[in-house]
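> What follows is the residue order along each chain.
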Amino acid sequence: MNKYKADVIVTLKKGVRDPQGTAVDTVLRRTGLEEDSSVKVGKYFTLSVSGENEAEAKEKLNKICEDVLSNPILESYAIERLKEV
Amino acid sequence: MNKYKADVIVTLKKGVRDPQGTAVDTVLRRTGLEEDSSVKVGKYFTLSVSGENEAEAKEKLNKICEDVLSNPILESYAIERLKEV
Amino acid sequence: MQTEQKIELYKALGLTDYEYSEIKNRLGREPNTLETYLFSAMWSEHCGYMHSRKYLSRFPSGGAVSHGENAGGVQVGEHVIVFKAESHNHPSAVEPFQGAATGIGGIIRDILAIGARPIALLDSLKFGKITNNFSKHIFDGVVNGISHYGNCIGVPTVAGEVSFDESYTDSPLVNVMAVGIVKKDKIRSAKAEPNKTVIAVGSHTGRDGIHGASFASKELNENSKEDRPSVQVGDPFIKKVLIEATLEILELEEVQSCQDYGAAGLLSSSSEMVYKGECGLDLYLDRVHLREADMQPWEIMLSESQERMLFIVEPNGAEKVLNIAKKFDIPARVIGETTTSNKYRLFWHGVEVANLPPESLAEAPKYTLCEEEPEYISEYKKLNLNRTTSIEEAVKKIVSDPNFASKRWVYRQYDHTVGTRTSLKPGQAGAAGIWIHEEGGVAGLAIDSNGRQVFLNPYEGARNSVWECCRNLISSGFKPLGVTDCLNYGNPEKDEVAYQFVKSVDGIAQACREAEIPVVSGNVSFYNESPERRVFPTPTIGMVGYVDSPDKLLKTAFSTDETVILIGKQINDDSDIGGSLYQRVLYDFLGGEVDKTDVKLEKQLEEIIFELRDKKLIGGCIDVSEGGLFGAVFEGIKSGNTGFKGNLVYSNNAEKALFGEITGRYIISTANSDEVTKKLESQQIQYKTLGLCANKKIEFDGYSFNTTELYDLYDKSIELEMGR
Amino acid sequence: MNEEGMIKAGVIVFPGTNCDIDTKRACEFFGWETQFIWHDEISLDKFDVVFLPGGFSYGDYIRAGRLARFSPVVMQLNEYIKKKRGFVVGICNGFQILCEAKLLPGILSVNDNTKFICEEVGLLFENGHNEGESTSIKNREPIKGGDCHLPIAHGEGRYIADENDLRKIKLNHMAFLTYVNNPNGSDENIAGLWDRENNVIGMMPHPERAIFSETGNTDGRAFFEMLESYILSLRGEALALTKQSKKGN
Ligand SMILES: Nc1ncnc2c1ncn2[C@@H]1O[C@H](COP(=O)(O)OP(=O)(O)O)[C@@H](O)[C@H]1O
Ligand SMILES: [Mg+2]
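So the protein sequences, as listed, match chains A, B, C and D. Quick note on our numbering: the first sequence kicks off at 1 and runs consecutively. Quick note on our numbering: the second sequence kicks off at 1 and runs consecutively. Quick note on our numbering: the third sequence kicks off at 1 and runs consecutively. Quick note on our numbering: the fourth sequence kicks off at 1 and runs consecutively.
It should be emphasised that the hints constitute simulated quantities derived from the structure, not laboratory data. One or more of the hints may lead you astray.
[Claimed, not checked] Here are a few chain C residues that face chain D, going by a calculated C-beta distance under 8 Å:
id, residue
1, 340
2, 418
3, 647
[Said to hold, decoys possible] Straight-line distance between alpha carbons at most 30 Å, and here's what the computed DSBU-like set of lysine-lysine pairs gives:
id, chain 1, residue 1, chain 2, residue 2
4, A, 83, B, 3
5, A, 14, B, 14
6, A, 43, B, 83
7, A, 83, A, 40
[What the hints assert, rightly or not] What follows is a list of derived Cβ distance ranges for each label pair:
id, chain 1, residue 1, chain 2, residue 2, range
8, C, 296, A, 30, 31 to 37 Å
9, D, 30, A, 30, 55 to 61 Å
10, B, 80, C, 293, 40 to 46 Å
11, C, 293, D, 170, 26 to 32 Å
12, C, 530, B, 63, 51 to 57 Å
13, C, 137, D, 72, 41 to 47 Å
14, C, 287, A, 29, 49 to 55 Å
We treat Cβ as the ideally placed atom computed from N, Cα and C, and that holds for glycine.
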């Protein structure tokens, strides 16, 4: 069994309301830091999984992303920097 | 004035306890998805700022990151994929 | 070609042939595409109550706010306590966190629309078995969603119930109830008057929750490439600001009425207002503030984006409303005006795109349901439970069953003290107490349901649910004043479900008449079933009561050295105990006949409990429900952190005696047992002295338990499953 | 007490604040003249004490308290503190804002169990003084450990500080409120801090929810009573100071 590490980025799907982003926009506007920032807020995870090979690790990560780290109805995810450690 | 877009990743500093990560670890173990996942939870933002040039945009982003998107006591941030739009 | 497409459309949108021809009849023409969308939404079960409306009129009405408003209420001095329950079952099954959160958001808006400040929330939750991973996920998400939203808006969640049963595995039930307070003369009606300005206040309208419609459109509209989620996302922060802004706006004299955006958003809020006010409306959809610029009229009308309110204002007051919104940093736009025309008209960039009589939308057809008794009723009645377990094992299984065990894991996540009104907290009594400092007394709040009993006997089971809720209030010292309900069933087009629904409505109506309390508001949720499973018919009863002084509250806790007395019915060998929790927990058994409420006895008991209370003769008080006699004694001593020594088994079947559930029972603890029993005897009320509260042990009829062990099982059961 | 002598309290209201009314009612229970201060306002001078009440300012989005610290009124707090005009008291979300605004050391982060916690907790309430500090209110007995129970209700209440700050906190007796049974994983069981130099107080528990017997807990009164006596003594000092400076003229 090998161990793999990856980053996962979870973001809201298009058209889904982003209350956090809206609140940050408001504050940036009020403080004069930026007029039009269109902030979108997502989640960022780093984690490791075990697997025989990269393909298996990837598959496992996909399952983890779909089942635990994101809600596929509202969010999409991307797996990045997958590598053996 | 030009408009620049960037991604910002905010992560907990080393040594800071990450209860949310631990909670995900527990779920992954309980559901049998992964024994040893060492999840770390961070935040992910995309936003845009205006500026005369990239250096100015970068400076503005740094300020936004320090003042709003992260707390330097606890978190570090990284600006990625900065580009003009 | 044209017509063919239209046929496709109405069918795809869920309208039946009959409904479509009815629409044509009423209009005297074919509806256009937009109008077809409008009808499909207003004539959906959710908005139109087509399968239930006919039956809901059987409930006794009354209370301080009339029917037809957003929520009902009961009067307490110069104030009205407004309350309503609502379900958010289907959204919670898909996205538990947002589903439950927006459920809270929705019910709060109803209270707000009356002009009342929301002061408390309750939740009734039903999931599949807690050991099932999917159910766990839904349970966790729902509690988290309620916690997130309710805590943020600063309304305490003070009571509720949680149960786990296989029947709810595929269709969890998430019912929430909100309570508000308003001065009687400040109540706002949802009826619009003509020649007023219509103002939309709150969040931008986006493509959230455009239900069946968006689904259907996917098949029809080739242009829609993006798969748009139909889940609504709540923003409790904006909601909290909207609450404050709305209450400030409603202080303006110029504001005539107010309506929240519920199901079918702008469409239902605006059309119902003009329908109730018997006037007309011109709406300019291009003026609505949008989150996505390319939204179409039907999307704007049907969007269920959260955190929006609609105000009807004297034209000269519009500016004031807009200014208040501005102060709170909330978008607001004038989007139309009411007219004398009795026409509901929509405009899009200067063009009239819909023109309908308001009543054609609002008065959806009413269906009559089949009331024939399904076979299962008599079959289940005949079933007999012939197995037994050792009492030691049974006791441990019951106290650690998540249906019976402590719900601290849940209510610890809810802010239940914000508002500084909470006189009785979760876990302290059968009902929550909310201090009405405006009047000096305390309002009692409870929510209850019993799907197992209603399944076995829809009429008596539902009737029992109402009385059970009454006992929750009475055992905490409150006089019941009014009822709200949330009726959860499977598909009403199936005869079995139709029967369950109609009979339980009758049962609730009968109980409310017997108890002399009105049903002031309510909600219906059908189609809670999957191909594999259907939920138990689950009418959830929410109730509000009142007591004029905080000194008259009763808590559950029994104290050491007090005598424990059962007041009311006693179980004997012939008692009907169908639907008892222990049968389901120990044997997965459901069957037999359910007990019937004895109205005369219930009223006697209420009187005697209050009399004993006023004479300060009651230490702790609890009504006997799930877990039976043993369960009630256990909760009393656990709450007071003491023990028990006495007798509980008074029939040949020890399990039945200990855990069997019948109506009409309270248990009290008292330091003056002589005086209490004298009183009970003089009024010829059935009672039984059960024993004494004593430390460390629970001993009855030869059985002995260590309290530490049992209390630990009770406290940690849900935590162990769910994590700290 | 005559009108002028009345304590004047201000309760700041941010968008999303939800303990504003509770805090005002508590102040009024003690006879203080109390006003709401909308977060856009910037004049604080008339108040003897300014409360930053609990709630979810700006939804607590990103981090609790992070977005609120940009409100004009928070910017103004620096001024108010520098002038030693009066007390600043942050409760729950207010404590979070004070830390985010660096008006108190350290930071509040997600509870150890990652969940919101609402319950009554036992607290040690220390009304101590720095050694050598002139103590104008000697008669007030500190309430001893476990005696004091207050409600908590927060999702981000785990107090964290680096070693330096923790040392400073100890040295200056800042941790005036500590948990008996730490519910959220806070460093050193810290539930509340008091910067005695600048009269800034922050605490996670809610004393304002424990004032009225109708809600079954009156332990919060001790905090308000203590605050009252400190405010009065601060006034005395200020009065003495003005007299002195007048004499000097
Ligand atoms: N979902 C919930 N939300 C808030 N409080 C709850 C919830 N479920 C249970 N509670 C509280 O936990 C306590 C015990 O609940 P339960 O065992 O259902 O009460 P009872 O058996 O007295 O009807 C009550 O105070 C109740 O209000
Ligand atoms: Mg129970």
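> Run every hint past the structure and note whether it holds.
Evaluated hints:
1. 340: Because about 39 Å separates residue 340 of chain C from the closest Cβ in chain D, which is outside the 8 Å limit, the hint is violated.
2. 418: Holds - the Cβ of residue 418 of chain C comes within 8 Å of chain D, reaching about 6 Å at its closest.
3. 647: At about 34 Å, which exceeds the 8 Å cut-off, the nearest Cβ of chain D leaves the hint on residue 647 of chain C violated.
4. A/83 x B/3: At roughly 34 Å apart (the allowed maximum being 30 Å), residue 3 of chain B and residue 83 of chain A break the hint.
5. A/14 x B/14: violated (33 Å)
6. A/43 x B/83: holds (21 Å)
7. A/83 x A/40: holds (27 Å)
8. C/296 x A/30: 31 to 37 Å: holds (33 Å)
9. D/30 x A/30: 55 to 61 Å: violated (34 Å)
10. B/80 x C/293: 40 to 46 Å: violated (29 Å)
11. C/293 x D/170: 26 to 32 Å: violated (58 Å)
12. C/530 x B/63: 51 to 57 Å: Holds, at about 53 Å.
13. C/137 x D/72: 41 to 47 Å: Between residue 137 of chain C and residue 72 of chain D, where Cβ atoms are some 43 Å apart, the hint holds.
14. C/287 x A/29: 49 to 55 Å: Because 23 Å falls outside the window, the suggested range is violated.
Consistency with the previously given hints fails for numbers 1, 3, 4, 5, 9, 10, 11 and 14, ordered from lowest to highest.
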